[in-house]
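J.: Chains A and B are the protein sequences, given in the same order.
The first sequence lines up with residues 121 to 710 when you count with the working numbering.
The second sequence lines up with residues 121 to 710 when you count with the working numbering.
One thing to keep in mind: the hints can contain errors.
Derived contacts from chain A toward chain B, CB cut-off under 7 Å, selection only [as the list claims (entries may be wrong)]:
| hint | residue |
| --- | --- |
| 1 | Arg-147 |
| 2 | Leu-148 |
| 3 | Ala-152 |
| 4 | Thr-473 |
| 5 | Val-658 |
| 6 | Gly-672 |
| 7 | Ala-675 |
| 8 | Gln-682 |
| 9 | Ala-689 |
Computed cross-link-like contacts, DSS-like style, restricted to lysine-lysine with a CA-CA straight-line distance of at most 27 Å [claimed, not checked]:
| hint | chain 1 | residue 1 | chain 2 | residue 2 |
| --- | --- | --- | --- | --- |
| 10 | B | Lys-268 | B | Lys-169 |
| 11 | A | Lys-346 | B | Lys-456 |
| 12 | B | Lys-404 | A | Lys-456 |
These stretches of chain A come out as covered by chain B in the derived footprint (C-beta under 8 Å, 3 or more residues) [what the hints assert, rightly or not]:
| hint | stretch |
| --- | --- |
| 13 | 251–261 |
| 14 | 326–336 |
| 15 | 454–462 |
| 16 | 533–539 |
| 17 | 565–575 |
| 18 | 695–703 |
Calculated from the structure, these hints are not laboratory results.
All C-beta atoms in this analysis are idealised placements derived from N, C-alpha and C, irrespective of residue type, glycine included.
Number of protein chains: 2
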Amino acid sequence: MPEFNAPLRDMRFVLHEVFDAPALWARLPALAETVDADTADAILEEAAKVTSQLIAPLNRSGDEEGAQWRDGQVSTPSGFQQAYATYIEGGWVGLAGNAEYGGMGMPKMLAVQVEEMLYGANSSFALYSALSSGACLALDAHASEALKNIYLPPMYEGRWAGSMCLTEAHAGTDLGLIRSRAEPQADGSYRISGSKIFITGGEQDLTENIIHLVLAKLPDAPAGPKGISLFVVPKVLVNPDGSLGAANAVSCGSLEHKMGIKASATCVMNFDGASGWLVGEANKGLAAMFTMMNYERLSIGIQGIGCAAASYQSAVAYARERVQSRAPSGAVAPEKAADPIIVHPDVRRMLLTMKAMTEGGRAFACYVGQQLDLAKYADEPAERNNAQALVALLTPVAKAFFTDSGLESCIHGQQVFGGHGYIREWGQEQLVRDVRIAQIYEGTNGIQALDLLGRKVLADNGQALRQFTAEIRRFADQPGAPFAGELFEAVQRLEDVSDWLQTRAADNRNEIGAASVEYLHLFGYLAYAWLWARMAQVAEQNLPEDPAFYGGKLATANFYMQRLLPRMASLEQSIRAGSESLFGLSAEQF
Amino acid sequence: MPEFNAPLRDMRFVLHEVFDAPALWARLPALAETVDADTADAILEEAAKVTSQLIAPLNRSGDEEGAQWRDGQVSTPSGFQQAYATYIEGGWVGLAGNAEYGGMGMPKMLAVQVEEMLYGANSSFALYSALSSGACLALDAHASEALKNIYLPPMYEGRWAGSMCLTEAHAGTDLGLIRSRAEPQADGSYRISGSKIFITGGEQDLTENIIHLVLAKLPDAPAGPKGISLFVVPKVLVNPDGSLGAANAVSCGSLEHKMGIKASATCVMNFDGASGWLVGEANKGLAAMFTMMNYERLSIGIQGIGCAAASYQSAVAYARERVQSRAPSGAVAPEKAADPIIVHPDVRRMLLTMKAMTEGGRAFACYVGQQLDLAKYADEPAERNNAQALVALLTPVAKAFFTDSGLESCIHGQQVFGGHGYIREWGQEQLVRDVRIAQIYEGTNGIQALDLLGRKVLADNGQALRQFTAEIRRFADQPGAPFAGELFEAVQRLEDVSDWLQTRAADNRNEIGAASVEYLHLFGYLAYAWLWARMAQVAEQNLPEDPAFYGGKLATANFYMQRLLPRMASLEQSIRAGSESLFGLSAEQF
Numbered sequence: 121m122p123e124f125n126a127p128l129r130d131m132r133f134v135l136h137e138v139f140d141a142p143a144l145w146a147r148l149p150a151l152a153e154t155v156d157a158d159t160a161d162a163i164l165e166e167a168a169k170v171t172s173q174l175i176a177p178l179n180r181s182g183d184e185e186g187a188q189w190r191d192g193q194v195s196t197p198s199g200f201q202q203a204y205a206t207y208i209e210g211g212w213v214g215l216a217g218n219a220e221y222g223g224m225g226m227p228k229m230l231a232v233q234v235e236e237m238l239y240g241a242n243s244s245f246a247l248y249s250a251l252s253s254g255a256c257l258a259l260d261a262h263a264s265e266a267l268k269n270i271y272l273p274p275m276y277e278g279r280w281a282g283s284m285c286l287t288e289a290h291a292g293t294d295l296g297l298i299r300s301r302a303e304p305q306a307d308g309s310y311r312i313s314g315s316k317i318f319i320t321g322g323e324q325d326l327t328e329n330i331i332h333l334v335l336a337k338l339p340d341a342p343a344g345p346k347g348i349s350l351f352v353v354p355k356v357l358v359n360p361d362g363s364l365g366a367a368n369a370v371s372c373g374s375l376e377h378k379m380g381i382k383a384s385a386t387c388v389m390n391f392d393g394a395s396g397w398l399v400g401e402a403n404k405g406l407a408a409m410f411t412m413m414n415y416e417r418l419s420i421g422i423q424g425i426g427c428a429a430a431s432y433q434s435a436v437a438y439a440r441e442r443v444q445s446r447a448p449s450g451a452v453a454p455e456k457a458a459d460p461i462i463v464h465p466d467v468r469r470m471l472l473t474m475k476a477m478t479e480g481g482r483a484f485a486c487y488v489g490q491q492l493d494l495a496k497y498a499d500e501p502a503e504r505n506n507a508q509a510l511v512a513l514l515t516p517v518a519k520a521f522f523t524d525s526g527l528e529s530c531i532h533g534q535q536v537f538g539g540h541g542y543i544r545e546w547g548q549e550q551l552v553r554d555v556r557i558a559q560i561y562e563g564t565n566g567i568q569a570l571d572l573l574g575r576k577v578l579a580d581n582g583q584a585l586r587q588f589t590a591e592i593r594r595f596a597d598q599p600g601a602p603f604a605g606e607l608f609e610a611v612q613r614l615e616d617v618s619d620w621l622q623t624r625a626a627d628n629r630n631e632i633g634a635a636s637v638e639y640l641h642l643f644g645y646l647a648y649a650w651l652w653a654r655m656a657q658v659a660e661q662n663l664p665e666d667p668a669f670y671g672g673k674l675a676t677a678n679f680y681m682q683r684l685l686p687r688m689a690s691l692e693q694s695i696r697a698g699s700e701s702l703f704g705l706s707a708e709q710f
Numbered sequence: 121m122p123e124f125n126a127p128l129r130d131m132r133f134v135l136h137e138v139f140d141a142p143a144l145w146a147r148l149p150a151l152a153e154t155v156d157a158d159t160a161d162a163i164l165e166e167a168a169k170v171t172s173q174l175i176a177p178l179n180r181s182g183d184e185e186g187a188q189w190r191d192g193q194v195s196t197p198s199g200f201q202q203a204y205a206t207y208i209e210g211g212w213v214g215l216a217g218n219a220e221y222g223g224m225g226m227p228k229m230l231a232v233q234v235e236e237m238l239y240g241a242n243s244s245f246a247l248y249s250a251l252s253s254g255a256c257l258a259l260d261a262h263a264s265e266a267l268k269n270i271y272l273p274p275m276y277e278g279r280w281a282g283s284m285c286l287t288e289a290h291a292g293t294d295l296g297l298i299r300s301r302a303e304p305q306a307d308g309s310y311r312i313s314g315s316k317i318f319i320t321g322g323e324q325d326l327t328e329n330i331i332h333l334v335l336a337k338l339p340d341a342p343a344g345p346k347g348i349s350l351f352v353v354p355k356v357l358v359n360p361d362g363s364l365g366a367a368n369a370v371s372c373g374s375l376e377h378k379m380g381i382k383a384s385a386t387c388v389m390n391f392d393g394a395s396g397w398l399v400g401e402a403n404k405g406l407a408a409m410f411t412m413m414n415y416e417r418l419s420i421g422i423q424g425i426g427c428a429a430a431s432y433q434s435a436v437a438y439a440r441e442r443v444q445s446r447a448p449s450g451a452v453a454p455e456k457a458a459d460p461i462i463v464h465p466d467v468r469r470m471l472l473t474m475k476a477m478t479e480g481g482r483a484f485a486c487y488v489g490q491q492l493d494l495a496k497y498a499d500e501p502a503e504r505n506n507a508q509a510l511v512a513l514l515t516p517v518a519k520a521f522f523t524d525s526g527l528e529s530c531i532h533g534q535q536v537f538g539g540h541g542y543i544r545e546w547g548q549e550q551l552v553r554d555v556r557i558a559q560i561y562e563g564t565n566g567i568q569a570l571d572l573l574g575r576k577v578l579a580d581n582g583q584a585l586r587q588f589t590a591e592i593r594r595f596a597d598q599p600g601a602p603f604a605g606e607l608f609e610a611v612q613r614l615e616d617v618s619d620w621l622q623t624r625a626a627d628n629r630n631e632i633g634a635a636s637v638e639y640l641h642l643f644g645y646l647a648y649a650w651l652w653a654r655m656a657q658v659a660e661q662n663l664p665e666d667p668a669f670y671g672g673k674l675a676t677a678n679f680y681m682q683r684l685l686p687r688m689a690s691l692e693q694s695i696r697a698g699s700e701s702l703f704g705l706s707a708e709q710f
């Protein structure tokens, strides 16, 4: 059975050395008291222990057993209840939560590392708390003080969980079509009715209560997305003293049978006149829900990195052990019947692709975490606003690029195992199945790409984009900056393509969707090039301290520039071919 | 539940219109009596019926139920026995088999279409007969007359099945390491001992007997791949009159638990002094087995096309029905709550990518089938030799490029379904799981790429390659040839890269494995460009007859050239970056 060990050394490299997070924390008053380098390290080490010893061992058994539905009750696989109980004792659900309501108030830069460990250890398990953390964020940002006092403390504690009830059978991407209804009651509450599908953790046996955040329409609501409101609907009603009261009219109708994340309960949820309370303003529910969605989007992106990191670990271990054929340049292990397959160039190509994309993603996630922390904690409004603009720009890239790369990496990891990669016992095929959902849920990657190009770049006239590319140019402008030539070329390419699309899309709205997925990838490859150059800069400086570790970083950066960054060339050509060739057929001609 | 309907119109287009197979058949004496356009059409129509009505309905239930092992006995899922009995009544196993021993003697160009239908309908079911057909081919080519008379007729009939026993736990890619032994007996037979893994159809409940082709070593055999012999080892011993005798010492120790193709029994097979008979010459078993492997490699490639075609059908049907959001250029179905998602450019991009790659692959498979038929049936030795050289060159491309593209297509097909693509009931996720194995078995795609670049191109000094590219140049040289500019550029690119690699690899053998996978893809994109140009030429000529059908082909050809062929640019850049960046890390630094 595969083991999982959090890549602690690599995480500290990113957090402390590349981003110098402790210096940032020291300068932000809200964080200076909360966290420093030692606290962060202690948290990372404890998270590594919990994920490798407690949660990872349930990954394969959870996949085999799956979440089970019986008469409306859902049971999680064996061991999940106990592990969850131990997990929440550590306070992990509230790690980055608001300290006023019982959260630990840790920075997002740190939390993203813990999230990666969780997804790498067991994506199904990770989802139960990921949804809670996201729901807390939406409540913290939009709910009344009264609601926050009721719900946040037990949710941060992990005694209660959260869920996110958006999708209906006929309304996924297009939430404007939802039919769930909310009838106002005399006491200020609402009666919620409707049926939701694909609700992660909508029902489970881990927590005393489940707090559903539900999108529904008020009777007089305008049509479409501007008529959607957000409600908090607990599974069990809460008495004024915070104790649990009667069951609410909420039930789980069934579980979906899925390709993967089988230990995560994906529920059909029925609301039959359930009591709910409005969160934020009427008809502005979608905006409030987006607080949660953006949080979840980064988190789900990190699922891509976590699964890829787990797959990489296993693949490297296997490639060092498995002997098969001789190295092309002559025997490397003449005492053995054949050489370990890590000597073969194509095996190295696969492993290095995984390593470069996973570590590039880890650095990108840390950067987005940094911007989230600045947006929340910086003193100067200008710094907060700049950071917020970057978060908006980079969130769709993080979600889609991490997960597209995550699938590619897990496919490579499986391929390194040859036939054994297809066999369940070895774990690699589960990672492929589990990571695949991350390209689909929380807004498909196609939707992320439309969000990036349509809203975040073109509708913004490229302002946030220029803010980001200026940062890359500043880096490359430093004397002796590594890979400056590659960066200037890549950044120019993205800017030129962006300008070209701005002009084209003005005449033809189809140009956006025709280019969007390839554009997002173009963006991603540039971002990773910049982050690899930053990592290489630090590795060069520190090389004498630990030549093996830092030399490995330099070699991986070099591989990325040589073998992966060239993917930009084809992406650009394909984008510049435009939308015409997509519309040469009628729907019937397909 | 998804339906499967064989793409008959598209298959006839390729077979009759693009390749004018009936004219070729008329010119080859061995085929002139056997097959003409009407016979071929009747066979295709019957195969379409059998696959859509008999075999496809067992695809999802077979996946849910899986093949089961109990006390050495294997049961296939419900319905398989009955369907298999009906299937063999049609004589399908012997479709392209040698008529002297009861085969139907049909050309491979036709057989590849039927194989595609089988894999598209139900990959697990298809494998039971695919292995038989391949085993027959190896026996027909290498076994003694006596063995052929015993085994071939019942195998072509489908009463007996075949299996291919190569892999051992420690020997997959590197067959030179196998440990199975063959002890010569006084009566001319051998006692075979050893354990084999990953044996498709090694045990099942469909046929009276299973004829294992087993690689093993004679006592005095030289070490490595030159000491391997091939044996035929029946599950049940055969009496001189052809009736079944005692059980042989062969048993199935267990089944693997796999990601997909769950209805296909993947067996651990134990040979405990089983009686076997030598096929071909001692110590030349690997060459004999390669007759079968090459056949299987094309077949497994076609699994990639079949699965992609099935995924495409479902995705198009879904994209026409599912309404979600409005077209970017304004409502297309204003009477509905939203537009069908096939109006969205990104959905079209995914569907067109699937269509272009699947139909390009279908044409390529037909071309390889044509060369196989010429190699076998042409009168002139020169024509046979030319065809044989092309078969050797193109087989690894077919195997790996069809299946890499097949996974990409099935992933797109799943993505088109959004969340529903991840749910088992819709069938798309099963296709992803089922097609994934095709990149791994029958020699991983990495091994195919090494075979292509190392053996078929570089070791051959590019002769076969030039033969192939000359054919493309001849096409593009015709006055008015469609996409001639694109073809000249692409063919030059492949030739230049090949020359460059020839020089580089002379100094450093690592250059081959460093470039091979990307080289195979470069080759594949060029080949599909040529085939799409050929299809476009025919479509242009016939456009007035059926503007919708031929217009669709032209539009797809155009999409391919505009949006997919540009992938060659990045592949070339990555190849030309060379092997250095793969060797910047020691095994410990990964």
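J.: Count residues of the stretch 533–539 of chain A with a Cβ under 8 Å from any Cβ of chain B, then say if the count reaches three.
T.: holds (count 4)
J.: Holds or violated: are the alpha carbons of Lys-404 of chain B and Lys-456 of chain A at most 27 Å from each other?
T.: holds (25 Å)
J.: Can you take a look at whether the stretch 695–703 of chain A is actually covered by chain B? Rule is 3+ residues, C-beta closer than 8 Å.
T.: Since 7 is at least three, the answer is holds.
J.: Let me know if the C-beta of Arg-147 of chain A comes in closer than 7 Å to any C-beta of chain B, holds or violated.
T.: Not OK, violated: Arg-147 of chain A not within 7 Å of chain B, min 35 Å.
J.: Does the CB of Gln-682 of chain A sit less than 7 Å away from some CB of chain B?
T.: holds (4 Å)
J.: Restraint: Thr-473 of chain A near chain B, CB-CB cut 7 Å. Satisfied or not?
T.: Given a least distance of 10 Å, the restraint on Thr-473 of chain A is violated.
J.: Min Cβ distance, Gly-672 of chain A to chain B: is it shorter than 7 Å?
T.: For Gly-672 of chain A, the interface hint holds, since the closest Cβ of chain B sits about 4 Å away, which is under 7 Å.
J.: Given as covered by chain B, does the stretch 454–462 of chain A meet the bar of three residues or more with CB within less than 8 Å?
T.: Three-residue rule met by the stretch 454–462 of chain A, so holds; n is 4.
J.: Given Leu-148 of chain A as an interface hint, is its Cβ closer than 7 Å to any Cβ of chain B?
T.: violated (36 Å)
J.: Next item in the hint list is Ala-152 of chain A. Is there a CB on chain B closer than 7 Å to its CB?
T.: Because about 37 Å separates Ala-152 of chain A from the closest Cβ in chain B, which is outside the 7 Å limit, the hint is violated.
J.: Quick check: do three or more residues in the stretch 326–336 of chain A have a beta carbon closer than 8 Å to a beta carbon of chain B?
T.: violated (count 0)
J.: Examine the stretch 565–575 of chain A: at least three residues should have C-beta closer than 8 Å to a C-beta of chain B.
T.: Three-residue rule met by the stretch 565–575 of chain A, so holds; n is 4.
The structure fails to meet hints 1, 2, 3, 4, 5, 10, 13 and 14 from the earlier list, while all remaining hints are met.
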